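Student: This is what each chain is made of:
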Amino acid sequence: MTDDDRVFKALADPTRRFLLDRLFERDGRTLSELESELDMTRFGVMKHLRVLEDAGLVVTRRSGREKLHFLNPVPIRLIHDRWIDKYRERQVSALADLKTELEEEMA
Amino acid sequence: MTTGTETAVTTQVYRVYIKATPEAIWDAITKPEWSERYGYGGRVEYDLRPGGAYRVFASDDMKRARAEMGGAPTPDVIVDGEVVESDPPRRLVQTWRMLMDPQTEAEGFTRLTYEIVETGPGVSKLTVTHDLEGAPRLALFVGGGMESDGAGGGWSEVFSDLKTLLETGRGMRE
Numbered sequence: 001m002t003d004d005d006r007v008f009k010a011l012a013d014p015t016r017r018f019l020l021d022r023l024f025e026r027d028g029r030t031l032s033e034l035e036s037e038l039d040m041t042r043f044g045v046m047k048h049l050r051v052l053e054d055a056g057l058v059v060t061r062r063s064g065r066e067k068l069h070f071l072n073p074v075p076i077r078l079i080h081d082r083w084i085d086k087y088r089e090r091q092v093s094a095l096a097d098l099k100t101e102l103e104e105e106m107a
Numbered sequence: 001m002t003t004g005t006e007t008a009v010t011t012q013v014y015r016v017y018i019k020a021t022p023e024a025i026w027d028a029i030t031k032p033e034w035s036e037r038y039g040y041g042g043r044v045e046y047d048l049r050p051g052g053a054y055r056v057f058a059s060d061d062m063k064r065a066r067a068e069m070g071g072a073p074t075p076d077v078i079v080d081g082e083v084v085e086s087d088p089p090r091r092l093v094q095t096w097r098m099l100m101d102p103q104t105e106a107e108g109f110t111r112l113t114y115e116i117v118e119t120g121p122g123v124s125k126l127t128v129t130h131d132l133e134g135a136p137r138l139a140l141f142v143g144g145g146m147e148s149d150g151a152g153g154g155w156s157e158v159f160s161d162l163k164t165l166l167e168t169g170r171g172m173r174e
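From first to last, the protein sequence lines stand for chains A and B.
Quick note on numbering: the first sequence equals residues 1 to 107 in the numbering used here.
Quick note on numbering: the second sequence equals residues 1 to 174 in the numbering used here.
Don't read these hints as lab results, they were simulated from the structure.
Worth double-checking, as some hints may not be accurate.
[Unchecked claim] Straight-line Cα separation of at most 27 Å, DSS-like style, residue types lysine-lysine; simulated pairs:
#1 B/Lys31 - B/Lys63
#2 A/Lys67 - B/Lys125
#3 A/Lys9 - B/Lys31
#4 B/Lys63 - A/Lys9
[Claimed, not checked] A few chain A residues that don't get close to chain B, going by computed Cβ distances all over 10 Å:
#5 Met46
#6 His48
#7 Arg61
#8 Phe70
#9 Leu78
#10 Trp83
[Unchecked claim] Okay, the calculated bits of chain B under chain A, using three or more residues with CB under 8 Å as the criterion:
#11 11-24
#12 157-168
Keep in mind that this is a model prediction, so the values were computed, not measured.
Glycine is no exception: its CB is placed at the ideal position from the N, C-alpha and C atoms.
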């Protein structure tokens, strides 16, 4: 699996997107905090966090006795740069071409 | 909730895997000929000793772009700080203050840690931890929360660009 595959796979699940949204709201949460917002076993939440970690979307850090989960936005940025910007550019240039064509017709 | 984890809210963590050696990543972070080629394109100046000075100078492009947007004139030095710990090519700890905006300047120095680990032959993991305690404005800026205001995508954009540059030989703007 490539890095992109792992990120898309991780994002393809609603629970994992929910977890990312919670971390986006407030970063650096413990497993217990994240678990308290989900109707799921601790083990289930851990499994989802593991997939997010493998995809690089979540990075954990130790703070004393606690393990904190941080949202790492870089993989999403890389997908944005690779997939979204490209298509947006094409759309914009298609619009620009249309404008030129229409203006030429009018001239 | 008020717990011991409350302070963690002000920390941002970025991680990116790059097909490059730790030395190449270290150079890209600490040498001006690299720093000008990705991210915001500022020229860095590092005195890589504890207590050594760190400065980033605005590029001409940056000054021009800001002038066109009708912003306040860009200062020559846009970021400053001090090296706390330097262990090339693995670990760099420094303070970091943004001088482009009076508010971030007033928030003062924050703490930035770069960690580079080789995870395979020619593949390295770069983890950057920015401790932004007492600097909410700067946190918004480096978190990419002001991108629609023309302030760029923050660290995510910088490290994506760094990866692109080291892996393809060309940064996103090149």
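Student: Which hints, by number, does the structure contradict?
Tutor: 3, 4, 7, 8 and 9
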